[in-house]
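Engineer: Here's the letter readout for the chains.
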Amino acid sequence: MAEELNSTPKVWQLRNRNQRLLSWFIWLLGTALFVYCWQLVSENTTWFFVWDAPRIAADIGSRMMPPRWSYINELWEPLWDTLNIATIGTMMAIVMAIPIAFLAARNTTPSTKFVRPIALLVIVSSRSINSLIWALLLVSIIGPGVVAGIVAISLRSIGFISKLLYEAIEEIDKKQVEAISATGASGLQTLVFGIVPQILPAFAGISVFRWDINIRESTVLGYVGAGGIGLQLNASLNVLAWPQVTLILILILMAVIFSEWISAKVRHAII
Amino acid sequence: MSIEPTLPNSGVSGLQSVALPETWNPPPFIKNPLLRWGLLLGLVVYLYLSIGSLDVNWNRIYVGLDRGAKFVYGFMNPNFAGRWTDISEGMIESLVMTVTSTAIGIVISIPIGFGAASNLAPLPVYLFCRGIIALSRSFQEIIVAILFVAIFGFGPLAGVLTLSFATIGFLSKLLAEDIESIDKRQAEAVKATGAPWWQWVNFGIQPQIMPRLIGLSLYRLDINFRESAVVGLVGAGGIGATLNTAFDRYEYDTAAAILILIIGIVMLSEYISGYIRARVQ
Amino acid sequence: MLEIKQLVKQYKTGDLAINGVDLKVEKGQVMALIGPSGAGKSTLIRCVNRLETPTSGEIWLNGENIVKLRSGKLRKARRNMGMIFQEYALVERLTVMENVLSGRLGYVGFWRSYLRKFPQTDVQAAFRLLEKVGLEKMVNKRADELSGGQRQRVGIARALIQNPDILLVDEPTASLDPKTSRQIMRLITELCEEKQLAAIINIHDVALAQMFAERIVGLREGRIVYDGSPDDLKPAVLTEIYGEEDWTAVRKRKAKKGTDSEVEDESVTEDHMAEMM
Numbered sequence: 001m002a003e004e005l006n007s008t009p010k011v012w013q014l015r016n017r018n019q020r021l022l023s024w025f026i027w028l029l030g031t032a033l034f035v036y037c038w039q040l041v042s043e044n045t046t047w048f049f050v051w052d053a054p055r056i057a058a059d060i061g062s063r064m065m066p067p068r069w070s071y072i073n074e075l076w077e078p079l080w081d082t083l084n085i086a087t088i089g090t091m092m093a094i095v096m097a098i099p100i101a102f103l104a105a106r107n108t109t110p111s112t113k114f115v116r117p118i119a120l121l122v123i124v125s126s127r128s129i130n131s132l133i134w135a136l137l138l139v140s141i142i143g144p145g146v147v148a149g150i151v152a153i154s155l156r157s158i159g160f161i162s163k164l165l166y167e168a169i170e171e172i173d174k175k176q177v178e179a180i181s182a183t184g185a186s187g188l189q190t191l192v193f194g195i196v197p198q199i200l201p202a203f204a205g206i207s208v209f210r211w212d213i214n215i216r217e218s219t220v221l222g223y224v225g226a227g228g229i230g231l232q233l234n235a236s237l238n239v240l241a242w243p244q245v246t247l248i249l250i251l252i253l254m255a256v257i258f259s260e261w262i263s264a265k266v267r268h269a270i271i
Numbered sequence: 001m002s003i004e005p006t007l008p009n010s011g012v013s014g015l016q017s018v019a020l021p022e023t024w025n026p027p028p029f030i031k032n033p034l035l036r037w038g039l040l041l042g043l044v045v046y047l048y049l050s051i052g053s054l055d056v057n058w059n060r061i062y063v064g065l066d067r068g069a070k071f072v073y074g075f076m077n078p079n080f081a082g083r084w085t086d087i088s089e090g091m092i093e094s095l096v097m098t099v100t101s102t103a104i105g106i107v108i109s110i111p112i113g114f115g116a117a118s119n120l121a122p123l124p125v126y127l128f129c130r131g132i133i134a135l136s137r138s139f140q141e142i143i144v145a146i147l148f149v150a151i152f153g154f155g156p157l158a159g160v161l162t163l164s165f166a167t168i169g170f171l172s173k174l175l176a177e178d179i180e181s182i183d184k185r186q187a188e189a190v191k192a193t194g195a196p197w198w199q200w201v202n203f204g205i206q207p208q209i210m211p212r213l214i215g216l217s218l219y220r221l222d223i224n225f226r227e228s229a230v231v232g233l234v235g236a237g238g239i240g241a242t243l244n245t246a247f248d249r250y251e252y253d254t255a256a257a258i259l260i261l262i263i264g265i266v267m268l269s270e271y272i273s274g275y276i277r278a279r280v281q
Numbered sequence: 001m002l003e004i005k006q007l008v009k010q011y012k013t014g015d016l017a018i019n020g021v022d023l024k025v026e027k028g029q030v031m032a033l034i035g036p037s038g039a040g041k042s043t044l045i046r047c048v049n050r051l052e053t054p055t056s057g058e059i060w061l062n063g064e065n066i067v068k069l070r071s072g073k074l075r076k077a078r079r080n081m082g083m084i085f086q087e088y089a090l091v092e093r094l095t096v097m098e099n100v101l102s103g104r105l106g107y108v109g110f111w112r113s114y115l116r117k118f119p120q121t122d123v124q125a126a127f128r129l130l131e132k133v134g135l136e137k138m139v140n141k142r143a144d145e146l147s148g149g150q151r152q153r154v155g156i157a158r159a160l161i162q163n164p165d166i167l168l169v170d171e172p173t174a175s176l177d178p179k180t181s182r183q184i185m186r187l188i189t190e191l192c193e194e195k196q197l198a199a200i201i202n203i204h205d206v207a208l209a210q211m212f213a214e215r216i217v218g219l220r221e222g223r224i225v226y227d228g229s230p231d232d233l234k235p236a237v238l239t240e241i242y243g244e245e246d247w248t249a250v251r252k253r254k255a256k257k258g259t260d261s262e263v264e265d266e267s268v269t270e271d272h273m274a275e276m277m
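Residue numbers (the working numbering), protein chains in the order written: chain P, 1 to 271; chain F, 1 to 281; chain Z, 1 to 277.
The hints are simulated quantities; they were obtained by calculation from the structure and are not laboratory data.
Quick reminder that beta carbons are idealized off the backbone N, C-alpha and C, glycines included.
There may be inaccurate statements among the hints.
[Said to hold, decoys possible] As a list, the in silico DSSO-like pairs of lysine-lysine whose alpha-carbon atoms are at most 30 Å apart:
no., chain 1, residue 1, chain 2, residue 2
1, Z, Lys-24, Z, Lys-12
2, Z, Lys-76, Z, Lys-24
3, Z, Lys-68, P, Lys-175
4, Z, Lys-141, Z, Lys-179
5, Z, Lys-5, P, Lys-175
6, P, Lys-175, Z, Lys-24
7, Z, Lys-76, P, Lys-174
8, Z, Lys-141, P, Lys-265
9, Z, Lys-117, F, Lys-31
10, Z, Lys-117, P, Lys-175
11, Z, Lys-137, P, Lys-174
12, Z, Lys-12, P, Lys-113
13, P, Lys-113, P, Lys-175
14, Z, Lys-195, P, Lys-175
15, Z, Lys-68, Z, Lys-5
16, P, Lys-174, Z, Lys-68
17, P, Lys-175, Z, Lys-141
[What the hints assert, rightly or not] Partial list, computed: chain F residues near chain P (C-beta under 7 Å):
no., residue
18, Ile-61
19, Pro-156
20, Leu-157
21, Arg-226
22, Val-266
Work out the full structure: start from the sequences and follow the hints.
Structural biologist: Given below as structure tokens:
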């Protein structure tokens, strides 16, 4: 008949005891960290205002409606400026980002010990600093205006475009490149015939994507004086002209919808 | 499907009586010539108009180069000591805001992400969640920060709320897209066992989206830190206010110190998140 | 014409891929290289055009030791060697024509190639070669729109437009179905005969090798263990190269397949091929 089982029944666990302990510990640490951070935030918050928030929100909301449509005549030129800041800034960034991406990719960099780390450092520095901060810096140096905005956008975009581009360069099919160099082509020819065709779709997608993001970012650069519709936003807020603010927000929304539509269309077409 | 051409018996000696073309040009990328030339013309016109509208004050720029040199000099000798209390307070506040807002953001994004997945959510829920996502993505963080400062008062709370709201737009959208593209068969198999909804999600869906969710959350942590350095400009807490003051006072060495700290922390977080993502994969 | 002397290739991991190979290939000779995986066949071919760098030894082509060449001279030497790859290695997003013309990159300056203004003779040669391989209607198609067999033919055209002295062919039929494999092998050997080209064909299908090559070299663990005519490839020799196997049974199966479809070769259509899969 049935044999005696002389061992305890086997138990299945997803993680053994040590892994569970570690998992719990990490959760505990995370929660403790969150609580600590929340306390710090809370200390610096005037909770009196927070409880008053719904009332204030309703108040502002009522002041924002209806939007002051007549103000739109003063917004056409800033809107045009915003578009230019984004577009010209992106174009400049593309021109500078391409060589940096090739210097940063493992398979195309002339030297992995010296040149590549420098290229990566440039990319990180450009990425880490928000375009608004770049704008602050540039307005401080070369004065307010659209040019500061354009340079700010391009400085920020270089890091974004280069990073995605060099990742694309590193992922190409090496066999195609090998075949081209086996015919006796020079290094530059191998680049143009073997590598560039493979990264062209990614490149177009990245550029248009960044342009789309830049439209959003360009709308606020004016807040620190770097041209575009942000200037009007700053001015209207300073005098608490809420109906004007609403109109500006509506225009910004339209601009964002427009740029996203173009971006989606272009990215669809190049697949 | 084209017909494979026959290979002639004597294969290689077939001579054509028709003369072979002497030149060849690659086919253009945009087939429709009207569209092609139209776009090109449009581009040229646009560039002419836009660059023409630039009001470049060369004189001011020339004068400004002097300040630019001062900034570069400041980068070489960053001044950490001079305003250290301000800097450290600001950085800690930024870091704290990052952690809090990302945590809150993730917690809120998950249900909204599920609600915005067309294969999971009923229509009204779907539309509502997609609406929130659209709202969150349309407006730049600064604008939201300005609004929240007006409503909730100055201080890091406004910044935390701003970044949490921005996180929703980012995480929920990508989460919803991920859920919509899961392998249906894996989820179906779990459902076929008769599992209730919660377990279906836990066993059938979660394993497929978990790695990407972790990766995206780490990425968002990085983004939120960079944004937290900016919202201080409008009074929503963080190092932004200190940075603004430094620029106002032309204290380029202090400003450079802050920027170097920011770059350093971003580099560190990139390294750590790369490590974690490799472990999770 | 090509002479390999005491070639050794050892990888950093310690793998000894080629262990002292001496080989001579005469002008116009089609030589098949057979052997088990890991025997060093691919490595040997790739050493000849320096896609791999030999650890020691000499490779003489047209009076130059290829092993010692630096970049400028290496490029010139590579022009004389046409390589055909296992996975076709075409630039997917470029058209068939651009892929074929890329064989002339070693002869054309950068700007001319960038602007796609290749010399008249090159363009004509491209059209002629595409016709020879039966792809004259596909000139402007993107490479990734082609089938496997078609892509391999583009690869052949690309190698031939270089006007090389020798063809290096790395497993040309590994990714192809049996019928297309035979077509490709026939195409390569006929073109070699017409142009009096030497060729080293790395191939794993022994029956195909025997059918089309005039000389067979067997490689095992980095050493040559057989070098002679296809007819002398007896089971005992095959065992020495590949290890134990009922070679007579394998041969009978292959022979039967061979004779049945020989007749139909001349009127092949893609539909037929699909039906027979």
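Engineer: Taking the hints in turn, state whether each one holds.
Structural biologist: Results for each hint:
The straight-line distance between the Cα atoms of Lys-24/Z and Lys-12/Z is roughly 28 Å, inside the 30 Å bound, and the hint therefore holds. Between the alpha carbons of Lys-76/Z and Lys-24/Z the distance comes to roughly 21 Å, so the proposed pair stays at or under 30 Å and holds. Between Lys-68/Z and Lys-175/P the CA atoms are separated by roughly 24 Å; this keeps the pair inside 30 Å, and the hint holds. Restraint check: the Cα-Cα separation between Lys-141/Z and Lys-179/Z comes to about 24 Å, which is no more than 30 Å; the hinted pair holds.
Distance check on the hinted pair: Lys-5/Z and Lys-175/P sit about 28 Å apart at the alpha-carbon level, within 30 Å; holds. Of the pairs offered as hints, the one joining Lys-175/P and Lys-24/Z holds, with about 28 Å between alpha carbons and a cut-off of 30 Å not exceeded. For a cut-off of 30 Å, the pair hint linking Lys-76/Z to Lys-174/P stands: about 22 Å separates their Cα positions. Simply put, Lys-141/Z and Lys-265/P have alpha-carbon atoms about 24 Å apart, close enough for the 30 Å limit, and the pair holds.
A hinted pair counts as satisfied when its Cα atoms are at most 30 Å apart, and Lys-117/Z with Lys-31/F qualifies at roughly 21 Å. Taken as a hint, the Lys-117/Z and Lys-175/P pair is honoured in the structure, with Cα atoms around 25 Å apart against an allowance of 30 Å. Of the pairs offered as hints, the one joining Lys-137/Z and Lys-174/P holds, with about 29 Å between alpha carbons and a cut-off of 30 Å not exceeded. For the hint linking Lys-12/Z to Lys-113/P, the alpha-carbon distance of about 20 Å falls within 30 Å, and the restraint holds.
Taking the CA atoms of Lys-113/P and Lys-175/P, the gap is about 25 Å. The hint holds against a cut of 30 Å. A distance of roughly 27 Å separates the Cα atoms of Lys-195/Z and Lys-175/P; the hinted pair therefore holds under the 30 Å criterion. This hinted pair checks out: Lys-68/Z and Lys-5/Z have alpha carbons roughly 13 Å apart, not beyond 30 Å. With a C-alpha separation of about 24 Å, the suggested pairing of Lys-174/P with Lys-68/Z holds against the 30 Å cut-off.
At most 30 Å may separate the alpha-carbon atoms for a hinted pair to count; Lys-175/P and Lys-141/Z meet this at roughly 20 Å. Given the 7 Å rule on beta carbons, the hint for Ile-61/F holds: about 5 Å separates it from the nearest Cβ of chain P. Given hint, Pro-156/F at the interface with chain P, holds; its Cβ is 5 Å from that chain's nearest Cβ, closer than 7 Å. Look at Leu-157/F: its Cβ gets to within about 4 Å of chain P, closer than 7 Å, so that hint holds up.
Because the smallest distance between the Cβ of Arg-226/F and any Cβ of chain P comes to about 6 Å, under 7 Å, the interface hint for this residue holds. Using the Cβ-Cβ criterion of 7 Å, the hint placing Val-266/F at the interface with chain P is satisfied: the shortest such distance is roughly 4 Å.
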